[in-house]
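**Q** Heads up, the sequence shown is in the working numbering, so the first residue is 610 and it goes up one at a time.
Take the hints with a grain of salt, since some may be wrong.
With a straight-line Cα cutoff of 27 Å, these simulated DSSO-like cross-link-like pairs (lysine-lysine) come out [unchecked claim]:
1) K728 to K717
2) K669 to K651
3) K645 to K656
4) K656 to K671
5) K669 to K656
6) K651 to K663
7) K669 to K645
In case anyone wonders, no lab produced these hints; they're calculated from the structure.
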Amino acid sequence: MTSPGGNTRKRTLAFVSEGVTDLETQRAREQVEQAKFEAECKRRERKSLREQLKANAISKQKEFSGLVKERDGINRLSDDELAHIRRLAEQDRQRERDLKEYLESHSKGFTLRQRQLAKEQPVKESLPPQQQASARTNKLDGVVKVGKPIRKKLKLKLTPSRSRTPPKTTQ
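Use the sequences and the hints to build the structure in full.
**A** Structure, rendered in structure tokens:
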């Protein structure tokens, strides 16, 4: 019931035949037919229940995914921020490696110098053997051990003494 021009709303005009001269009834009939045609078009344009439910589900899914994307987007970092954080972490690791290499190289030099000094300084022979051994270990470790102070317990006896108030004189 479409017209050759593609208009689905209006039907093509029907010409009045020669014998019929009642134009009012002809117009009334045309209006009734046009109303039927438009009602049929609306019925065909209306979606079925299944199509309506499917369209509603799709729109709700889009809305939900938009909300999820918005929520997750708040805490998400951009690619530039991630690259910056990775560069900082790599710089920290490089500093740790440099520090470790520095400490290893200097500790080797320190232990070599310590051994050379230990070989150059003879241990005093006048010390008893135990102190000689401790002197060697102290020099090698670089630690000087101080002996414990001797503590003596003193016992004091207190004797009652006279009171320091002057004696009372009687008159």
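**Q** Indicate, hint by hint, whether the structure satisfies it.
**A** Do the hints match the structure? See the list:
Straight-line distance between C-alpha atoms of K728 and K717 comes to about 17 Å, which keeps the hinted pair within the 27 Å bound. This hinted pair checks out: K669 and K651 have alpha carbons roughly 26 Å apart, not beyond 27 Å. Of the supplied pair hints, the one linking K645 and K656 holds, its CA atoms being roughly 19 Å apart against a limit of 27 Å. Proximity of K656 to K671 is assessed by CA-CA distance (about 20 Å); at most 27 Å being required, the pair is judged to hold.
With a C-alpha separation of about 18 Å, the suggested pair K669 and K656 falls inside the 27 Å cut-off, and the hint holds. A threshold of 27 Å between alpha carbons decides the hint, and for K651 with K663 the separation of about 20 Å falls inside it, so the pair holds. Proposed proximity of K669 and K645 is contradicted: the alpha carbons are some 36 Å apart, above 27 Å.
Going down the numbered hints, you'll see the structure goes against just number 7.
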